[in-house]
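Here is what each chain is made of, one letter per residue.
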Amino acid sequence: MNAVTKPANTAALDRYRMMRRIRSFEERVGELFLKGESAGSMLHLSIGEEAVVGMTAAMQAGDTFTTHHRGHGVFIGRGGDPARMMAEIAGKEDGYCRGKGGSMHIADRALGHLGANAIVGGGIPHIVGAGLTYRNTRSGQISVAFFGDGAMSQGILYESMNMAALWHLPVIFCCINNQYGMGTRVDRSAGHRDFPGRAEAFGLNAMRADGADVEAVHDAARFLAGSAREGRPGFLEIDAYRFYGHARMDKSPYRTPEEEATGRARDPVANARARMAAEGLANTAELDAIDTEAGTEMDHALAHAIAATPPALATMFQDVYAPGTPAPRPHAARLMHVLGEGARA
Amino acid sequence: MIESTYRDAIRQALLDAMAVDPSIILIGEEVGLYGGAYGVTKGLIDLYGPERVIDAPISEPAIVGAAVGAAMTGMRPVAELMYVDFIGMTMDQLANQAAKSRYMFGGQIGVPMVLRTQGGTGRSAAAQHSQSLEAWVMHTPGLRLVMPATVNDAYHLLRQSLTQADPVVFIEHKGLYTMKGALDVDTPDGAWGAPVTRRAGRDLVILSYSRMLHESLAAADRLAASGVEAEVIDLRCLNPLDMAPLIEAVKRTGRAMVVTEAVVTGSVASEVAARLSETCFDWLEEPILRLGGEDIPIPVSPALERGSIPSAQLIHDTARWLVTREAPEWAA
Ligand SMILES: Cc1ncc(C[n+]2csc(CCOP(=O)(O)OP(=O)(O)O)c2C)c(N)n1
Ligand SMILES: [Mg+2]
Chain A
0 MNAVTKPANT
10 AALDRYRMMR
20 RIRSFEERVG
30 ELFLKGESAG
40 SMLHLSIGEE
50 AVVGMTAAMQ
60 AGDTFTTHHR
70 GHGVFIGRGG
80 DPARMMAEIA
90 GKEDGYCRGK
100 GGSMHIADRA
110 LGHLGANAIV
120 GGGIPHIVGA
130 GLTYRNTRSG
140 QISVAFFGDG
150 AMSQGILYES
160 MNMAALWHLP
170 VIFCCINNQY
180 GMGTRVDRSA
190 GHRDFPGRAE
200 AFGLNAMRAD
210 GADVEAVHDA
220 ARFLAGSARE
230 GRPGFLEIDA
240 YRFYGHARMD
250 KSPYRTPEEE
260 ATGRARDPVA
270 NARARMAAEG
280 LANTAELDAI
290 DTEAGTEMDH
300 ALAHAIAATP
310 PALATMFQDV
320 YAPGTPAPRP
330 HAARLMHVLG
340 EGARA
Chain B
0 MIESTYRDAI
10 RQALLDAMAV
20 DPSIILIGEE
30 VGLYGGAYGV
40 TKGLIDLYGP
50 ERVIDAPISE
60 PAIVGAAVGA
70 AMTGMRPVAE
80 LMYVDFIGMT
90 MDQLANQAAK
100 SRYMFGGQIG
110 VPMVLRTQGG
120 TGRSAAAQHS
130 QSLEAWVMHT
140 PGLRLVMPAT
150 VNDAYHLLRQ
160 SLTQADPVVF
170 IEHKGLYTMK
180 GALDVDTPDG
190 AWGAPVTRRA
200 GRDLVILSYS
210 RMLHESLAAA
220 DRLAASGVEA
230 EVIDLRCLNP
240 LDMAPLIEAV
250 KRTGRAMVVT
260 EAVVTGSVAS
270 EVAARLSETC
280 FDWLEEPILR
290 LGGEDIPIPV
300 SPALERGSIP
310 SAQLIHDTAR
320 WLVTREAPEW
330 AA
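Here the protein sequences line up with chains A and B, keeping their order.
Per numbering that gives the first Met the number 0, the first sequence runs over residues 0 to 344.
Per numbering that gives the first Met the number 0, the second sequence runs over residues 0 to 331.
FYI, nobody ran anything at the bench for these hints, they're computed from the structure.
Careful, some of the hints might be misleading.
Lysine to any residue pairs mimicking SDA-like chemistry, simulated, CA-CA at most 20 Å apart [unchecked claim]: (1) A/Lys34 - B/Val195; (2) B/Lys41 - A/Gly244; (3) A/Lys34 - B/Gly121; (4) B/Lys41 - A/Pro252; (5) B/Lys173 - A/Lys34; (6) B/Lys99 - A/Ala246; (7) B/Lys250 - B/Val195; (8) A/Lys34 - A/Leu312; (9) B/Lys250 - B/Ser225; (10) B/Lys173 - A/Thr295; (11) B/Lys173 - B/His213; (12) B/Lys41 - B/Ala61; (13) A/Lys250 - B/Tyr33; (14) B/Lys41 - A/Met248.
Small disclaimer: the values here were computed from a predicted structure and weren't measured.
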C-alpha cells in the first residue's frame, strides 16, 4: 500500500463518516419533533449541506466559529456531542446550553463554537473580533463564520469583510448557499448573483465550491484556511441545495417537485459514498457498517434527549449575569416586598 | 358582523385599505409569494401585484429605511418585520430617521408609514424570537405605538394606523393569530388613542394589552367566582394613550395593576403605573402593581418559557392579594 496516499484516503473516509453522522443526526431531529419532544418547531435541518464538512475538516483544534440557525451539521463537524446537542434541542438541563438556547442557539466554548444565531447575519462580525484577538496575540488560530445565502443581503457582512481585509485578519466567511432564504430563491433576493465576486471586491481570497462534492469543498477550504492563518482573510461559497422545508412546518409549496428532484440529486453524502466505493477506499460492507454505526449513535442521542430531565424553574434566573453577581429578582420576591407581611410596618 | 381570526382581520384591513388608498405598498421579507411568515399577507400579491406587495431581501435596516423614503415622497408604506426582535437592527431608521424627520426639519417632512411586526412568547422560539419590545418604541418621541388584543381591534386599529400622519409601530402577537372573534368592519371598539373597558368591576382595575388582556380577563372570571370584581381595561394604543379614563377608573376603585408580557424593568407597565401614581396618589388604597415578564431573556425550554411570563393564575392570585391582603400560598 502507498504510504503517502493512505492518510489522505483515511481522511476522505472520515469525511464521509462525518457527513453520514450529520445526516443521521438531522433525521433524528425530525423524529424528535414528530414525537412532540422538541422545544418548539423552529428546527432547521442541514440535510443536503453536509459537504460543509470539507470546511470544518480544514480547521484545527483551537480554531473558533459562529453559525447561523441551520448550524447542527457545522457543529457535529467540529466535534459536537450529538447527545448533548439533541438534549438542547429538546430544551433539557444537560443540553449544551442547559435548555436555555435550543436548536438555534447551541454553543460550546470548549470546542470553539462561539454560538449559533437566530438573527440572520448576527454571528458574522464576531469572527472579526475573534480575528483581532488571534492577530494581536499571534496565536495562530483562525475563526470562521458560517451563514446562509440569506445573510448575503445583510449589510453587516460587508462591514465585516471590509474590516477583515483592512486589518489582515485570520478569518473565513463561509456562505452555505442552499439556494433559499425561507421561500425566497436566491435569484429573487440578489440583483447580481456573483457572491465570491462581492468578497473579492473587498480584497478577500474568494472561492466557490460544489456543495455536492465534499472533496472539492475541502480543497478550497484547505487553501483558504492556510492563507487565513497568514492574515489573508477568505470567503467560500458552498453551492448546495436545501433538501427539505425551511423549518419543520414548511412544506416548500413554492418549489416544484422537478426542482426538488434535481436539487436532491446533488447529494453530497451519496456522492461521497459512491466515490469511496469507486476508488476502492471502502467496500460496500464497510460503508454499510459506517452508516449503521452512525444510525445507532444518533438513536442513542435521540433516546438520551427524550429521557433527560427538563431544567428546574428556578434556573431561569441563572446566567443572566455572571456567577457571583445578584441574579434578577423574581416577581414573587418583589411582590412580597410590596404586599407581604411587614410591607407597611 | 362576521367571525374572523386575528390573522384574517389584519389581512382584511390591509386588503380593504389598499383598495381605497393606492399609495399603500407592502414591503418585507416573504410578504409576497410566501404570504407572510405567519400567513398574514396571503394572496395580497395576487390582488395587488408585485409593485405594491414587495418581497424584500433579508435587509431589515434598508427595508425600514426604504419605507421612510417612500413615505417622505408620497407613498404610505407598510414595512413588515418578521419578528419584533429584529427591530434592533432597524433602530436607527426607526428612531433617528422616521421618528425625528418631522421635528428636525421644522415640520416640513412627515413620515406616514406603518411598521407591522409581531412579538411575544408561546412557541419556544427562544431568546431572539420571543421578545416584547414595545418599551423601546414608546421611549422614542415621534413614534406611535399600537398593540391590538382583539379581532375587531386588529382590523380597525390597523385601518386607523393607515390614516395617521406620523409613523406607527403596530405590534401583533404571534400567539393570537389563530384566535377567533367578532369582526364588525363598520364599528371600531373605540377611538384612536382611547383605552377600552373590556369588563366592568368595582374592586380593582387591571390594565393590560395584547395577549395578556386575555389572561387578565380569564383571571377576572376566576376572581368573580370568589367575590372580587375586577375591571379590565385594554390599553390598545400605547402612544398616544388617553389617560383620562384610566385615571377615572383608578380613582373609583383605589387599586390597580398593570399586566404585560414584557420584562418589567423599564417597561410600558412601569410608565403607566408611574403616571397613575402621580395622578391618583390621594385616591390609592394600595401601591399600583406591575406584573410582567421576569427580567430575563426568554428561555427555549417550554416550561421555563411559560414560567417566565404571567399566567391567568398568577394574575388572579396577585389581584386577590392586592384586594384582600391575604398572601397566596406561593408567597406565604
Ligand atoms: C435578521 C433576521 N431577519 C429575518 C429572519 C427570519 N429568517 C430566519 S431564517 C431566514 C432565511 C435565512 O436564509 P439563509 O440565510 O439562506 O439560511 P438558510 O435558512 O437557507 O439556511 C429568515 C428570513 C431572521 N431570523 N433574522
Ligand atoms: Mg439559504
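Status of the hints after comparison with the structure:
1. A/Lys34 - B/Val195: It is violated: about 43 Å lies between the C-alpha atoms, which goes past 20 Å.
2. B/Lys41 - A/Gly244: Holds, at about 18 Å.
3. A/Lys34 - B/Gly121: 19 Å, holds
4. B/Lys41 - A/Pro252: Satisfied, since the Cα-Cα distance of roughly 13 Å is no more than 20 Å.
5. B/Lys173 - A/Lys34: Given that 20 Å is the threshold and the Cα spacing comes to 23 Å, the pair is violated.
6. B/Lys99 - A/Ala246: Violated - the C-alpha atoms of alanine 246 of chain A and lysine 99 of chain B are around 38 Å apart, more than 20 Å.
7. B/Lys250 - B/Val195: 17 Å, holds
8. A/Lys34 - A/Leu312: Given that 20 Å is the threshold and the Cα spacing comes to 23 Å, the pair is violated.
9. B/Lys250 - B/Ser225: Violated, at about 23 Å.
10. B/Lys173 - A/Thr295: Since the Cα atoms of lysine 173 of chain B and threonine 295 of chain A sit roughly 38 Å apart, the hinted pair is violated (cutoff 20 Å).
11. B/Lys173 - B/His213: Given pair lysine 173 of chain B, histidine 213 of chain B holds - Cα atoms ~14 Å apart, limit 20 Å.
12. B/Lys41 - B/Ala61: Roughly 23 Å between the alpha carbons, so the hint for lysine 41 of chain B and alanine 61 of chain B is violated.
13. A/Lys250 - B/Tyr33: 11 Å, holds
14. B/Lys41 - A/Met248: 16 Å, holds
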